[in-house]
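Protein chains in written order, with our numbering: chain A, 61 to 320; chain B, 17 to 687.
No lab work stands behind these hints, which were simulated from the structure alone. Quick caveat, the model's predicted, so the values are computed rather than measured. It cannot be assumed that every hint is accurate.
Now the in silico label distances, taken between C-beta atoms and shown as ranges [what the hints assert, rightly or not]:
| # | chain 1 | residue 1 | chain 2 | residue 2 | range |
| --- | --- | --- | --- | --- | --- |
| 1 | B | Lys452 | A | Met283 | 26 to 34 angstroms |
| 2 | B | Gly342 | A | Gln112 | 31 to 39 angstroms |
| 3 | B | Arg344 | A | Pro267 | 52 to 60 angstroms |
Only pairs whose alpha carbons sit at most 27 angstroms apart, straight line, appear in this in silico DSS-like list of lysine-lysine [said to hold, decoys possible]:
| # | chain 1 | residue 1 | chain 2 | residue 2 |
| --- | --- | --- | --- | --- |
| 4 | A | Lys134 | A | Lys260 |
| 5 | B | Lys452 | B | Lys477 |
| 6 | B | Lys477 | A | Lys134 |
| 7 | B | Lys71 | B | Lys61 |
| 8 | A | Lys288 | A | Lys110 |
| 9 | A | Lys257 | B | Lys61 |
| 10 | B | Lys452 | A | Lys288 |
| 11 | A | Lys134 | A | Lys110 |
| 12 | A | Lys257 | B | Lys293 |
The beta carbon of each residue, even a glycine, is placed where N, CA and C say it ideally should be.
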Amino acid sequence: MKILVCIKQVPDMESRFRLNGEGTWYDEADLAFRMNEYDEYAVEQAVRLKEQLGGEPEITVVSIGPDRVVEAVKKALAMGADRAVHIKDDEYYRKDPWQISSALAAHAASRHYDLVFTGMQSQDRGSAQVGVTVAELLGFACATTLVGFAYEGGTITVKRELEGGSKGIVKLRLPAVVTCQLGLNTPRYPTLPNIMKAKKKEIVVQPISELLKEAELTGTAGMYPPAKRGGGIVIEGDVNDQLDRLLGILKEKTTVLRAA
Amino acid sequence: MEATREIYWNVGHAVVLPMYLLTLVALAACCYGFYLRVAVYRQAKAQDRLDNPGKRLSLMARNLFGQLKVLRVSGPGIPHGLFFWGFLTLFIGTLLVMLQADLTQPLFGLVILKGTFYKFYSLVLDLAGVIALVMLFGLTLRRFLVRPEGLRITRDDYLMHLLLTAIILTGFFAEGVRIAATELRGNPGLAEWSPVGLFVAKQFAAQDDASLKQLHTLWWWGHFLMVLGLIASIPWTKFRHLFTTPANYLFTDLRPKGSIAAIDLEEEGVEQFGAEKVADLTWKDVFDSDACTSCKRCQDRCPAFNTEKPLSPMKVVQQIGEVAFGNRDASLTETVGSDALWSCTTCRACQEICPADVEQVNKILEMRRNLVLMQGEFPGEEVMVAVNNVEVNGNPFGMAYASRGDWSDGMELRTLHEDANVDILYFVGCYASFDKRNQEVARSFVKICNAAGVRVGILGKEEKCCGEPVRKLGNEYLYQMTARENVELINGYGVKRIVTTCPHCMNTLGRDYRELGLEADVEHYTVFIDRLIREGTLAVDERRFDYTYHDSCYLGRYQDIVRQPRNILHAAGGRINEMERSEKESFCCGAGGGRILAEEKLGSRINVKRVKMAEATGAPLIVSNCPFCLTMFEDGIKTGDCEGKLQARDLAEIVAQRLQPMPVPSPEGLN
Numbered sequence: 061m062k063i064l065v066c067i068k069q070v071p072d073m074e075s076r077f078r079l080n081g082e083g084t085w086y087d088e089a090d091l092a093f094r095m096n097e098y099d100e101y102a103v104e105q106a107v108r109l110k111e112q113l114g115g116e117p118e119i120t121v122v123s124i125g126p127d128r129v130v131e132a133v134k135k136a137l138a139m140g141a142d143r144a145v146h147i148k149d150d151e152y153y154r155k156d157p158w159q160i161s162s163a164l165a166a167h168a169a170s171r172h173y174d175l176v177f178t179g180m181q182s183q184d185r186g187s188a189q190v191g192v193t194v195a196e197l198l199g200f201a202c203a204t205t206l207v208g209f210a211y212e213g214g215t216i217t218v219k220r221e222l223e224g225g226s227k228g229i230v231k232l233r234l235p236a237v238v239t240c241q242l243g244l245n246t247p248r249y250p251t252l253p254n255i256m257k258a259k260k261k262e263i264v265v266q267p268i269s270e271l272l273k274e275a276e277l278t279g280t281a282g283m284y285p286p287a288k289r290g291g292g293i294v295i296e297g298d299v300n301d302q303l304d305r306l307l308g309i310l311k312e313k314t315t316v317l318r319a320a
Numbered sequence: 017m018e019a020t021r022e023i024y025w026n027v028g029h030a031v032v033l034p035m036y037l038l039t040l041v042a043l044a045a046c047c048y049g050f051y052l053r054v055a056v057y058r059q060a061k062a063q064d065r066l067d068n069p070g071k072r073l074s075l076m077a078r079n080l081f082g083q084l085k086v087l088r089v090s091g092p093g094i095p096h097g098l099f100f101w102g103f104l105t106l107f108i109g110t111l112l113v114m115l116q117a118d119l120t121q122p123l124f125g126l127v128i129l130k131g132t133f134y135k136f137y138s139l140v141l142d143l144a145g146v147i148a149l150v151m152l153f154g155l156t157l158r159r160f161l162v163r164p165e166g167l168r169i170t171r172d173d174y175l176m177h178l179l180l181t182a183i184i185l186t187g188f189f190a191e192g193v194r195i196a197a198t199e200l201r202g203n204p205g206l207a208e209w210s211p212v213g214l215f216v217a218k219q220f221a222a223q224d225d226a227s228l229k230q231l232h233t234l235w236w237w238g239h240f241l242m243v244l245g246l247i248a249s250i251p252w253t254k255f256r257h258l259f260t261t262p263a264n265y266l267f268t269d270l271r272p273k274g275s276i277a278a279i280d281l282e283e284e285g286v287e288q289f290g291a292e293k294v295a296d297l298t299w300k301d302v303f304d305s306d307a308c309t310s311c312k313r314c315q316d317r318c319p320a321f322n323t324e325k326p327l328s329p330m331k332v333v334q335q336i337g338e339v340a341f342g343n344r345d346a347s348l349t350e351t352v353g354s355d356a357l358w359s360c361t362t363c364r365a366c367q368e369i370c371p372a373d374v375e376q377v378n379k380i381l382e383m384r385r386n387l388v389l390m391q392g393e394f395p396g397e398e399v400m401v402a403v404n405n406v407e408v409n410g411n412p413f414g415m416a417y418a419s420r421g422d423w424s425d426g427m428e429l430r431t432l433h434e435d436a437n438v439d440i441l442y443f444v445g446c447y448a449s450f451d452k453r454n455q456e457v458a459r460s461f462v463k464i465c466n467a468a469g470v471r472v473g474i475l476g477k478e479e480k481c482c483g484e485p486v487r488k489l490g491n492e493y494l495y496q497m498t499a500r501e502n503v504e505l506i507n508g509y510g511v512k513r514i515v516t517t518c519p520h521c522m523n524t525l526g527r528d529y530r531e532l533g534l535e536a537d538v539e540h541y542t543v544f545i546d547r548l549i550r551e552g553t554l555a556v557d558e559r560r561f562d563y564t565y566h567d568s569c570y571l572g573r574y575q576d577i578v579r580q581p582r583n584i585l586h587a588a589g590g591r592i593n594e595m596e597r598s599e600k601e602s603f604c605c606g607a608g609g610g611r612i613l614a615e616e617k618l619g620s621r622i623n624v625k626r627v628k629m630a631e632a633t634g635a636p637l638i639v640s641n642c643p644f645c646l647t648m649f650e651d652g653i654k655t656g657d658c659e660g661k662l663q664a665r666d667l668a669e670i671v672a673q674r675l676q677p678m679p680v681p682s683p684e685g686l687n
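Working from the sequences, and respecting the hints, build out all of it.
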């Protein structure tokens with residue numbers, strides 16, 4: 061079995077964001093980067109599947125971006141991926157999800173992957189389009205927002221998180237693309253021997269121009285932070301007074317206390 | 017009549033040959049027992065513990081003959097010390113007999129035990145015997161009747177108490193009947209130099225010569241054979257501490273307290289990190305289990321054990337021994353249990369009090385290293401998140417690294433990036449940088465520096481976690497990554513002196529960073545401020561207040577700094593109400609060893625226990641010197657229902673409130 065995991069390196073969400081000069085993306089100065097949270101679930105699930113199958117599957121991890129994304133790639137290798145492809149693109153933020161998906165699909169096209177894992181969305185752009193678009197381009201089955209995953213005899217059974225807290229169980233035959241959601245697993249902390257081994261694993265670097273032949277379908281006209289809203293209220297004092305005041309606020313400003 | 021006695025009286029010189037042959041057998045059994053044990057020690061890794069032999073020998077001599085570490089807990093310590101000196105005196109007395117009877121007298125005709133010397137010899141030995149007997153009796157009552165909590169009674173304890181008592185008693189009986197048959201009749205004046213022997217002799221005075229001699233033969237042989245039994249049983253029973261504990265003084269860790277063996281991460285082909293099996297520890301770790309006397313002093317002081325957590329440092333040490341001598345391929349981390357390993361706050365109370373120089377903390381650390389580095393295991397998910405945060409943002413909170421210096425906005429303070437020409441680098445640490453409560457401490461410290469005219473700089477967003485919590489959690493890899501970046505940065509600025517407000521940072525920079533090449537001197541701010549006050553550079557208002565002072569583990573026990581903080585608080589007008597557990601015996605706040613990053617899910621809460629101890633002093637204020645302690649106390653005061661009764665302050669806050677303008681302000685110093 062050949063597994064592909066598509067990952068993205070994103071800024072830590074606690075970072076202090078500023079707009080870049082073009083006003084279309086964030087400035088990378090003073091940002092700390094890490095692997096996109098949802099992609100960590102994807103890597104973890106791929107490694108668990110590899111372990112379940114006695115180590116037979118080969119896991120390739122792919123990431124698009126500037127040189128810094130190698131750090132996220134190394135983490136995926138330390139977690140248990142076997143090899144990596146770094147699709148080098150210093151102007152990654154100018155690519156729309158269609159282009160990113162196309163580049164990934166171009167990479168995957170001739171490599172006969174059986175299963176593609178990725179996050180349900182990136183923490184920075186948050187389009188949630190790449191996974192499904194890659195599936196479409198490759199002609200693979202697809203399930204999104206996974207919170208459960210099981211593999212048996214060429215079929216995967218997944219649990220999807222749906223609207224309003226309900227879940228859906230879906231069976232897919234391979235090849236397939238799945239996108240992973242919080243709750244699917246707890247990503248492992250790489251062990252030191254695996255970190256050491258990861259340093260020796262192959263990372264193929266390929267310029268994005270070799271893979272991407274598509275023009276963008278959407279463009280970013282501008283970005284701006286949300287307007288500042290009123291702050292929260294801290295209710296202090298005697299517990300009974302606090303309750304009265306809270307009830308008052310809930311009655312006046314919300315509908316939660318009105319009879320249905 | 018010459019004051020002396022006939023050696024081998026009654027038993028006759030014919031016993032010499034069988035006596036020495038039997039002694040040889042006992043010694044052989046003893047040596048063979050240790051030979052077997054040494055083979056077990058050697059399963060583990062090699063380590064040089066015989067460098068600087070002069071210092072080691074002197075430490076051993078002082079601690080053994082002075083019983084210094086044993087005496088620190090006076091209840092059982094004094095009886096043990098007195099027993100030891102008594103028994104040692106008897107042993108030396110016996111050696112003198114041997115020396116004379118079988119060496120100096122037959123070879124040179126030299127008799128040592130005669131005249132005045134013999135009189136004092138008799139007296140001293142009798143007194144030594146009676147002291148040893150009384151102390152032993154007291155210790156027997158303690159162990160078997162009083163039964164202090166945690167003190168176990170094993171087969172060895174029965175054997176040791178019985179055998180030692182019987183040896184002393186048979187010695188006195190043999191002496192007594194000899195005196196009854198000889199001195200009492202021929203030289204009563206001499207008998208008075210053996211008061212205990214004389215007392216025994218009088219009880220037998222009515223018996224005839226033949227029966228006295230019969231009894232003497234019986235007791236002499238009984239005494240002798242039991243002594244041989246003792247010698248032979250040393251390596252096979254807890255008697256082994258007669259050798260292993262003093263040897264442990266010899267093998268003691270001469271490095272600065274708290275030193276940790278760094279893992280060589282560059283070494284190729286290493287695939288095993290931390291201790292999973294006995295073979296991953298050093299021989300000294302196994303030897304420690306033999307040096308341990310189960311005195312449970314460590315356990316009595318362990319903050320985890322005393323809050324119903326599944327950790328006893330004594331048990332950990334002994335479990336390593338059980339695995340080494342039992343099933344050496346068993347998993348240590350499983351035997352000890354990860355809950356026990358994660359409960360340790362590395363407060364060092366165990367190691368500081370251990371009368372046998374056992375090194376508990378690093379054993380736990382080696383096993384934690386195995387859990388983290390080999391198994392990716394942490395005490396909880398929250399800890400894994402915090403560790404990841406250190407990796408990404410250089411602080412366990414996951415706050416943006418770029419906001420690390422924000423607490424100093426509006427203060428007279430520069431970053432070294434702006435201007436590296438400073439008197440001191442204030443290494444702020446994560447808590448004072450990001451934690452709101454501790455930011456007060458950072459600001460207070462800068463105000464103090466400003467008032468003293470000290471040019472102070474910080475690293476700002478370039479500073480990273482010193483790595484201490486993650487290292488103590490076992491994540492040596494991440495520690496070295498962050499530490500190396502800090503070292504390179506600080507050395508790059510040519511910093512001469514670093515001051516920290518965190519004892520954890522201070523220990524790490526001042527000791528652990530040395531092997532990574534840090535050049536600057538490192539000081540804790542209490543030492544720094546104490547010096548400023550003494551030099552007259554800093555003037556502090558004396559305003560009366562009552563307080564109790566908490567010695568943080570990493571300042572008090574690890575750095576022996578207990579005086580300076582009290583001096584400062586005294587100068588500030590403080591009247592101290594000491595807690596029962598203070599200075600080197602201080603009780604941990606619960607946050608050391610990376611526990612600050614972990615939720616305390618097992619047992620009761622350590623910080624509440626400590627806060628209650630502070631409350632019991634009646635002082636309205638608990639002053640500490642560590643951001644972790646302050647955090648734990650603020651929390652403990654709330655959860656322990658002490659709000660309104662007790663407030664927690666850092667020493668820097670107390671000083672900052674009492675700053676006077678500088679007597680002669682220098683324009684440079686105030687810029």
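We went through each hint and held it up to the structure:
At roughly 31 angstroms, the beta carbons of lysine 452 (chain B) and methionine 283 (chain A) sit within the given window of 26 to 34 angstroms. For glycine 342 (chain B) paired with glutamine 112 (chain A), a C-beta distance near 36 angstroms keeps the hint of 31 to 39 angstroms intact. The hinted window of 52 to 60 angstroms between arginine 344 (chain B) and proline 267 (chain A) holds, with their beta carbons roughly 55 angstroms apart. Distance hint between lysine 134 (chain A) and lysine 260 (chain A) is fulfilled; the C-alpha atoms sit about 10 angstroms from each other, no more than 27 angstroms.
Restraint check for lysine 452 (chain B) and lysine 477 (chain B): the C-alpha separation of about 17 angstroms stays at or below 27 angstroms, so the hint holds. For the given pair, lysine 477 (chain B) sits about 25 angstroms from lysine 134 (chain A) by alpha-carbon distance, which is consistent with the 27 angstroms threshold. For the suggested pair lysine 71 (chain B) and lysine 61 (chain B), the alpha carbons sit about 24 angstroms apart, so the restraint of at most 27 angstroms is met. Restraint check for lysine 288 (chain A) and lysine 110 (chain A): not satisfied, since their Cα atoms lie roughly 47 angstroms apart, outside the 27 angstroms limit.
Annotation: proposed proximity of lysine 257 (chain A) to lysine 61 (chain B) holds, straight-line Cα distance about 25 angstroms (limit 27 angstroms). Only pairs whose Cα atoms come within 27 angstroms are accepted, and lysine 452 (chain B) paired with lysine 288 (chain A) is accepted, the gap being roughly 23 angstroms. Taking the CA atoms of lysine 134 (chain A) and lysine 110 (chain A), the gap is about 18 angstroms. The hint holds against a cut of 27 angstroms. Of the supplied pair hints, the one linking lysine 257 (chain A) and lysine 293 (chain B) holds, its CA atoms being roughly 23 angstroms apart against a limit of 27 angstroms.
Of the hints listed earlier, the one the structure fails to meet is number 8.
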